[in-house]
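Could you put together the complete structure from these sequences and hints?
There are 2 protein chains.
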Amino acid sequence: MTTDPEATIRPFSHLFPSMVAKTPDIDSGEQPPFNSPAHGKDAPLDTPPVINHGVDYVIVFRYPIKSSDDRLQLEQKVVDGFEALATKLTHAQLFFEVKQGQERGTLLVLVGCPQARLYAEYKAQRARDFLLGITVESTDLVPTNSNKDDLSASSPLRQGFTEAVRLQLIYDILTSSEKAGGADISPHVDPFVDSIMPLHNDNFNKKWISTWSKKWLIDNDDLCNIRNHFGEKIAFYFAFVQFYFLWLMIPAGLGVLVYFTHSNTLSIWYSISMLVWGITFTEMWKRKQMELAVQWGVLNCSKHEKQMSAFKGDKTVPDQITGEERPFVPAWKIILRRALTLPAVALGAAFLMVIVGLVFVLQLFLHEYYTGPFQKFLHYAPTIGYVLLIPTMSGIYSKWVRLLTNWEMHQTETSWEYNYTQKIFVANFLVSYLSLFFIAWIYIPFGDHVLPYLNEFNVSHDHKKVDFQRLQDQLVYFIVTGQIVGFLTEMVLPYAMSWAMPKVKNISTKLVHSVSSKTDVGDNINSNTTPDIALSPEENLDFTKKLDRETGLEEYNIYTDYVEMVIQFGYVAMFSPVWPLTALCCVANNWVELRSDAVKICKYTRRPIPLRAENIGPWLRNMETIVWLSSITMGSFAYLFHPTTDLHSSYVPLYTLMAILLSEHLFAGLRLAIQSIISVIPSWPDLRIKKEDYMIKRNWLQRLDGSNSNISPKTLDEKITHDPMAKHWSKGMDSESRAEAAIRLVRNQFKSG
Amino acid sequence: MTTDPEATIRPFSHLFPSMVAKTPDIDSGEQPPFNSPAHGKDAPLDTPPVINHGVDYVIVFRYPIKSSDDRLQLEQKVVDGFEALATKLTHAQLFFEVKQGQERGTLLVLVGCPQARLYAEYKAQRARDFLLGITVESTDLVPTNSNKDDLSASSPLRQGFTEAVRLQLIYDILTSSEKAGGADISPHVDPFVDSIMPLHNDNFNKKWISTWSKKWLIDNDDLCNIRNHFGEKIAFYFAFVQFYFLWLMIPAGLGVLVYFTHSNTLSIWYSISMLVWGITFTEMWKRKQMELAVQWGVLNCSKHEKQMSAFKGDKTVPDQITGEERPFVPAWKIILRRALTLPAVALGAAFLMVIVGLVFVLQLFLHEYYTGPFQKFLHYAPTIGYVLLIPTMSGIYSKWVRLLTNWEMHQTETSWEYNYTQKIFVANFLVSYLSLFFIAWIYIPFGDHVLPYLNEFNVSHDHKKVDFQRLQDQLVYFIVTGQIVGFLTEMVLPYAMSWAMPKVKNISTKLVHSVSSKTDVGDNINSNTTPDIALSPEENLDFTKKLDRETGLEEYNIYTDYVEMVIQFGYVAMFSPVWPLTALCCVANNWVELRSDAVKICKYTRRPIPLRAENIGPWLRNMETIVWLSSITMGSFAYLFHPTTDLHSSYVPLYTLMAILLSEHLFAGLRLAIQSIISVIPSWPDLRIKKEDYMIKRNWLQRLDGSNSNISPKTLDEKITHDPMAKHWSKGMDSESRAEAAIRLVRNQFKSG
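Chains as they are written, first to last, in the UniProt record's numbering: chain W, 1 to 753; chain F, 1 to 753.
Among the clues, some could well be false.
Copies of the same chain look alike in the list, so a pair counts if it works inside one copy or between any two.
With a straight-line cut-off of 27 Å between C-alpha atoms, the simulated DSS-like cross-links for lysine-lysine are [claimed, not checked]:
no., residue 1, residue 2
1, K690, K179
2, K697, K123
3, K288, K303
4, K206, K545
5, K179, K697
6, K179, K77
7, K600, K399
8, K312, K333
9, K751, K545
10, K215, K315
11, K690, K286
12, K88, K312
13, K690, K333
14, K306, K179
Hints were generated in silico from the structure; no laboratory data involved.
Pasting the structure below:
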């Protein structure tokens, strides 16, 4: 369906996916699927479906009860802080309500948004989008049926907002600057403001999980639903995983074939076909994400770059394009700082490499050679190292690069995010692949030279032959244990925690409860006199429970999920020839991954704030880098581990380099070829954009002056006769006689000839 | 001046460069510089300056006098052909007039265009440009001061056209399809229509040459003048050569330094700095040509792709974007054909390689080893080979690839041109560099192994040591002789011809003249009764002379000029370390080149048809390829010819590969770094485009409904109170009291704490 341009060219197509993708099959229950407003055709028009009693966001306001300095002073500080927050919300024309948090020293500020405010924000955003070149139907800007504040039932804007759009708009109101009419609240910048979070729509979540656990493949509608509920950023993640999952089938099948047919799995043809797969996959994803961006109407949305509230700059200058004042820093300064961070990052990476190296060497030694006392116990030391030591170290590393990235002075959140992600990726790259590279390129070729020295340290060890098997074991170890550990930490651990924590809390915060419950009652009483959120007591109780539970969860971090996938892609692309079943394992893993991520988001993390995105950001580039590296690894492996290769000859390094040189050029060539082939195949989104653009302009032209575009030369005949130029040309003769004169010349020629 | 965005943001800035760039200093003569209408402020408004008596184009109509088949039949064919042409011109509402050509069997159809027609075409083109996304001032489309057919003196369109724009428009009328109101004339497709040519503006040419021969540097105004006279395509060539000329100063200076300080000119640092130069140059040119495109208002103009009149396709389908019918061919077919041409091109290249190889080996043998009879004469054989044999062979090659390119089925002229140029470039590449590569990578490393065998063929030779010197000699030979030969063939030869030909002609075509002169007179007579082009007899005579002379010239071929420059760039980028003075020579050559090209265009070729272009097309990519190759050459040379390298060790090939591998990665890294650095530096054209786009859209918004873009939240206050959402929130309390309630909670906490 996505392959048909017509199907999606509709005004508001990006607001009404239900038009784009037919409503899913499960849309047979008493209520619309996932309860997303977009599908709520049966809901009465004048009352938009209200979720969570109209509470859109919860601002967690956390303050210290006891501190070093004077209590009253602190209390005053807190009160001031809160009052500031309250005024901000009032100015932004948002409803708000305050509840006692579960823990001591937390207030939960429940925020809601009036339809009118939301509508205004929506219009403003539409205009801005249009100005920035984000595809917007012109009808969207010019309500043809007159008055544009029309909130009547007929207006799509009344019931048209998906939850994602609604929440995204409100989040903009909350965070955008005051002169833009926003509340300008940002966590950690405003005093005591700990975080801003939307509340889960339990109905949707239940349905979501139940649907996905039932069906084999995630289809377009499912993605649309996610997009309508969690926003494009999350939707893109799931779209990517699904796309990747499907593409994995190819290497999985190929791998099984090779595994059972070839003794030497490093056959050149297999390596090359894997290379081709890698390139084609990345190229096709480029196209796919373009398609999605068009279908979801978020193309170019990254052009509206949210300014970092942290970024101050040396001075403010008017923005070149929009003319708004914005902080400015000279280019040289930025270049300098970025240049300087490189070595700093390298330092961090080096530190990490040392750690990984140590753990690896330890493991190697214990597994392969060590035969001394405590062998049994020591055998598990390395795994512990991988599971505990390395993660903590990477933690330190990420803190370090966060500092660096802040120091780099990024104007926009996009660019900050990009640079931060890249630095993080380096760490994950090292942790995941370093030991494999080490085995393949150092340990195996040179291991046998080193072994003898072990005797000198008179370490008792049984001399094993260093061989390819070792590499395979390590890879399997990573893929299998890695994925299991990942699953445990993602799913089982949080489940255990969520089960254990309350009991712990009970004990710890008994006193608080006795108090807070009292105050709660007091609160409820006065909320009965002047009604608080209009709820029955038990509703109130449930809602309070929900609030406490969700504020207790931590925020959803999409990066870890992406990292997991991209690293996995690395194993498949770079190391498949070492163990052809890699892809197969990943297929299995990803099928689970897709569902477990769904569960994770629903149950173990706060609801993510819906954000717009037009692609998966830096991850594509990382995968491209990996594909390039895969040409190196596979090329070198194909030579190094070829049965005929004598690893002890002195030519090995040079021939290896040759192999690499060769395969790199092969890679470059293949990519060029594949890209040019794909480029010849027309892509519908591309056409559609051009077409829409053309249409918009044509409309404009016709509005402004219709006759411009179609001038018929006929209208000019009479003008020509008394045209300024005419006097240079024979007036007497019409074209016929002129032609005759010429023909006379021709005939002369022939006569005289 | 180009670096200041404000300076160029004006309506019509691309039509009135005189606004953009101040009129040149030489604008002190009695008439505006180069007599370009754009500067003709003093000219009376109602009479646009008329050049060549209002003759815009000359269509050369050439027909055979005698042929195998029946004369009358042929005559009829010719007459029909001409009548067809005449009707086409009449329908297109163009003036035309016929003259007897100098040679037998040629008619010169002089074509002129009425202002009104021109104006209509202009409007149509503007609209189309706008629809295709070529930056057009909206004022340009909506003449604010009412009626748009206004040809009054005040209208800029009356005297606003530069010669280039005028001619380009008329050319469009001549060539565009009939249903688009054009004449649909295309040489070689229409019977007997040999070519279409504009006439030189001798005034402009005189001034142009005299100015350039006087001044050292070509500045922006000069380029603007060229652009206004010959169109962007030619202007871009000169802009490029000038830009390249300036950038050459760096390696020239560096080269001289190295030449006089280092004994071993292949020092790694020099090579690397040359690499950096190459990368930076190409990157900066990208930016420069973008700047020019914006300044000249031709950005995106390549989007309007002229359909190949030759391209028919399997069937016609409506164009996806504009909805016009256009020929269509399925993608797979195109891919297949392009894939198939590759080996065919390879074949041609191989053939060429053999020829070049032979000539080279011959030269090598004769220069180095041959001591037999006729040594003196044989010594010059190779040079003759280079000057005569190879050019002819490349001629054959280019015919071959032309066939192939036609077979590839290209929809647009752009794509045809691109693919053809690339294939031609391959040939020039081989001819220019092959022998150098051969010497560097085969002859020098392995030469000494081969020499002994010469004895077996008992060829008498004196054994020379094979060394670096040989490579240098060859390079110098190419650069110096190459450039001299080039100059001779470009300048001296045609001069000689132009001097010699008339005399030859006189003899050959005496008979014709006697006839044609008679008919001419006859023509003049009847043109006096019904006035032909309104000229005095002597004017008429001059004009006839001019016509005969210019029709006698051949068309200007811009590719040869580009090839020359890019190949030269190759010598500098790839081989500077071999002979550091390369760049210096090129600087000298290019200074002359710039001027001699000017002379060539003015004197030795027909006036080129003005075409729009937004960049130098495929040549940029070719240069990038060359820079990549330079990393290979310099890397390998740095190792191969290093004093310490023993060329007889068996490691040589492998170490060479290592060197290449290394330098290639160095290249990739450097390019990434340089690109990212440049990207951080803001570029004004980029900003300007965004800004203009933003402005246009803002205008539209305000036209359509002004209040959209700026909604003040203040207007909403009253709505909020009876907002649908309000009922979920406590109505009784205003925000203050709500805040107080919260503060009570805080205080409780502190009390209880």
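I want to check one pair: K306 and K179. Are their C-alpha atoms no more than 27 Å apart within a copy, between two copies, both, or neither? Only inside one copy: K306 and K179 sit 15 Å apart there, 49 Å across copies, limit 27 Å.
Given a CA cutoff of 27 Å, do K88 and K312 count as a within-copy pair, a between-copy pair, both, or neither? within (21 Å within a copy, 67 Å between copies)
Up to 27 Å between alpha-carbons, please classify K179 paired with K77: within, between, both or neither. within (26 Å within a copy, 78 Å between copies)
Within a copy, between copies, both or neither: which one fits K751 and K545 at a CA-CA cutoff of 27 Å? between (110 Å within a copy, 25 Å between copies)
Given identical chains, is K312 near K333, meaning Cα to Cα at most 27 Å, within a copy, between copies, both, or neither? Cα proximity of K312 and K333: one copy only (14 Å, versus 56 Å across).
Alpha-carbon proximity context of K690 and K286, limit 27 Å: both (18 Å within a copy, 25 Å between copies)
One pair to classify: K697 and K123, alpha carbons no more than 27 Å apart. Within, between, both, or neither? Both. Shortest intra-copy (21 Å) and inter-copy (16 Å) distances satisfy the 27 Å Cα cut-off.
Quick one: K179 to K697, C-alpha cut-off 27 Å, is that within a copy, between copies, both, or neither? Cα proximity of K179 and K697: across copies only (23 Å, versus 32 Å in one copy).
At 27 Å max between alpha carbons, let me know whether K206 reaches K545 within a copy, between copies, both or neither. within (18 Å within a copy, 91 Å between copies)
Could you place K288 and K303 in one of the four classes (within, between, both, neither) given a Cα distance threshold of 27 Å? Both: 20 Å inside a copy, 24 Å across copies.
K215 and K315: within-copy, between-copy, both or neither at 27 Å Cα: neither (56 Å within a copy, 43 Å between copies)
Since the copies are identical, ignore which copy is meant and state whether K690 and K333 lie within 27 Å (CA to CA) inside a copy, between copies, both or neither. Classified as between; 24 Å across copies, 39 Å inside a copy.
In terms of the numbered hints stated before, the structure departs from hint 10 and from no other.
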